[in-house]
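> Read off the chains here:
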Amino acid sequence: MESSVDDIRGVVFDTLRASLPKPVELSDQTNIVRDLGLDSVAVMDFVMEIEDRLDISVPLDRIAEVENIGDLVTTVRDLKGRA
Amino acid sequence: MSLLEKFAGLSAQYNSLESIGANPFNVTFDRVLSPTEAMIGDRRLLLLGTNNYLGLTYDPAVIAKAVEATRNFGTGTTGSRIANGSYGGHRELEHALADFYGRKHAMVFSTGYQANLGMLSTLAGKNDHLLLDADSHASIYDGSRLGHAQVTRFRHNDPDDLHKRLRRLADVPGDKVIVVEGIYSMLGDTAPLREFVDVKREWGAYLVVDEAHSLGVLGETGRGLAEAQGVEADVDFVVGTFSKSLGGVGGFCVSDIDGFDILRVACRPYMFTASLPPAIIAGTMEALHQMRTQPQLRARLMQNAERFYEGLARLGFRVGPELSPVVSAIMPDAETASMFWTNLLKAGLYTNVSLPPATPNGLALLRSSVSAAHTLQQIDHAIALFAHVGRSLGLIPYHAVDAEALIAGE
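If you read the sequences in order, they're chains A and B. Mapping of the first sequence onto numbering that gives the first Met the number 0: position 65 corresponds to residue 64, and the numbering continues sequentially without gaps. Mapping of the second sequence onto numbering that gives the first Met the number 0: position 48 corresponds to residue 47, and the numbering continues sequentially without gaps.
Just so you know, these hints were derived from the structure itself, not from any lab. Heads up, some of the hints might be wrong.
[Claimed, not checked] Stretch-level coverage of chain A by chain B, calculated; a stretch enters the list once three of its residues show a Cβ under 8 Å from a Cβ in chain B:
id, segment
1, 34-44
2, 47-60
[As the list claims (entries may be wrong)] Ranges of calculated distance between the beta carbons of each label pair, as one might list FRET restraints:
id, chain 1, residue 1, chain 2, residue 2, range
3, A, 60, B, 73, 24 to 32 Å
4, A, 38, B, 201, 28 to 36 Å
5, B, 17, A, 38, 32 to 40 Å
6, B, 38, A, 9, 57 to 65 Å
7, A, 17, B, 264, 44 to 52 Å
None of these values were measured; they are calculated from a predicted model. Ideal Cβ positions, reconstructed from N, Cα and C, are used throughout, including at glycine.
Okay, chain B solo, but in the shape it has when bound:
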């Protein structure tokens, strides 16, 4: 027991959630029916917390390709690309990603987490410097710890603070690598990339943008925030994931930098892990194709996001600072967030609870993610459930526009 005693505090918190029988961090779906519905026991749930932005997990063409690849190439690669060989599909997917982003190079990782772990730990060496946005995802923090660079944190979305920190490093030798995200996964806000690009240029630094939550969501063709803000030429590395908009699992990095391929034998989280199975590669390849050829999915996603975000705001909930498919209602504390989550689940709606230290500024969040696959009725139903639970917990006033009136008025 003593080995795990250091987790006593965490354990007490976790057990208190288990004891009330509603632990947002330990949910099992017994069946999944569609991108927007699942079953727990005999209870049918509307899914509003799965990051399935384009709803491609049940796309018939994606499934067909995944099945065909399994029949033709087997269930797994049983090894790493370096030691045991790549399959043609790995290369094809890398070419497709490079083509999509208009970049010379692409590298595929087994998860999005590993893409950050690999790129950040390898790009910045012992005498280099990583500058991370304070609200960066855990994979970015972990990647910075795996490597040997000196790591500096700057204030969230604050180009002036980044500038200040680069100034302090002006006379220190070594390359400077800035890391920011497209859409931040907790509050759904986006980075002021144009301003960051100005700072990057001024100091001759490199810029990595993690588009995990913005791929397929932002930009004219879905390439993410850098495309939306017209600064792709100044982004040196784009990192992303297949597990959200593309409905699979895996991560990637694209870049134009000369000599990129040496990373394949230098980047440990790429080298020392099993490569993605054929079904995932083929399914992701098809999902990328669907995403590129169906821009209406992105339009529908943003319509749904707007309806839900505005709906919660109108009810009187405190929501994140910007409209995005990530919609978080800010709760007064962790207990209320858990209670809110539990009541929604009992009413048939699945969302997420996000708590410090995973959230910025110590916030307790009831987090939702909207999908293109949601119908307007599903979105309105979710808003009505939020209204009901929010009022029953005294979080929003009764006199605010009620959900039915809201729906009727639109």
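Chain A with its partners taken away, still in its complex shape:
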């Protein structure tokens, strides 16, 4: 299973690109709400795609703490490591 930080970052980038209307340059510093213009529900929807790919559930309080893509990668890595 994909579970190294790089693998997880790859999954996050792929999933985000697929759910955004136009191509955007992505990095760990990309702010999910401000830079990508996603609202609170759109963020939760996109996290669901990642959950499916990695067979984890990200609790809502953990999603709320996420500001940029780097935070999301760390959170997912943490949950994946525990699974």
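Position chain B against the provided structure of chain A, taking the given hints into account.
What follows is chain B alone, placed relative to chain A:
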């Protein structure tokens, strides 16, 4: 100013609606004439967006009871039930609700929002888990945030996804509480409760069903979706509201669980707020009685809903996936939804605009709710106005069956 700067984006959106003089989120009715008509200034409007499913707000018996209660018990209770005492009416309404649902226990809250806030934050404790349908109402999300449970969201109306998430939690300690709704308020679709019940049983979870929009609407006696799908015995908690079919305000929860009454001193949104005023309690009690003794209201509601839903679909509008009294036309974007809404209002028809993030999948919706109190003529008039505005905005083809032909053909 800096304190509110975080709302700059929202503010820009809101102000742009205000500046064109048609803001669907800031409407004031100067007079209300009946469950289906109101006035803004000197303009008479047909109401098609009030969730007044059974039209009981002007029922003479309901009004008489509310007036009598105000004379006998005053305008308000001026306190909470815990600190300042319940009135007999609060208990009577709880007994009436328990009787209606065939449950041992009932608890009344001051709003439907607080019922969800209270039940979800209290039922699931620190080491428990709440599993919410992705399209849940804001009150369900807020209730889950008020409590201390871990919250997991599953795909809308997807029992397999719920199963997957419960499997991931299989070895994690704590109770699991699943929350779904009867009718979803944005698109009017219903939950596949039987399948959810199977999943719930398999994993030994509890099930909460919010019947806010389905009380008085679905089921043989109006108890909602759980009754309609024959799964009431597997629903551990039913939450609902008095502010839609029952024409008042307030919320409730009914259950058979042992020890239910301890919630009265553990549930903060129940404890630390003023209790419902006597007029509301008495009016709701009578509305419940009217609802139980007049099943024809429900029949008329569904007839009207079908006529309107089919009418919009035939005109070429994209509507929700199921027939229900909530009828949403899916708009291409927020601007079109607002423009559609404004044109209908100018033509004398009041509906709702629903926008993301309150809607699923980023949809912009022109939302209507049908009432048993609408006449067939009012429904047909509304369809004709939708046809006119839809064509003028290029949203539906001209060659579709036009509203007049539709009406004549039925």
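> Which of the listed hints are broken here?
3, 5
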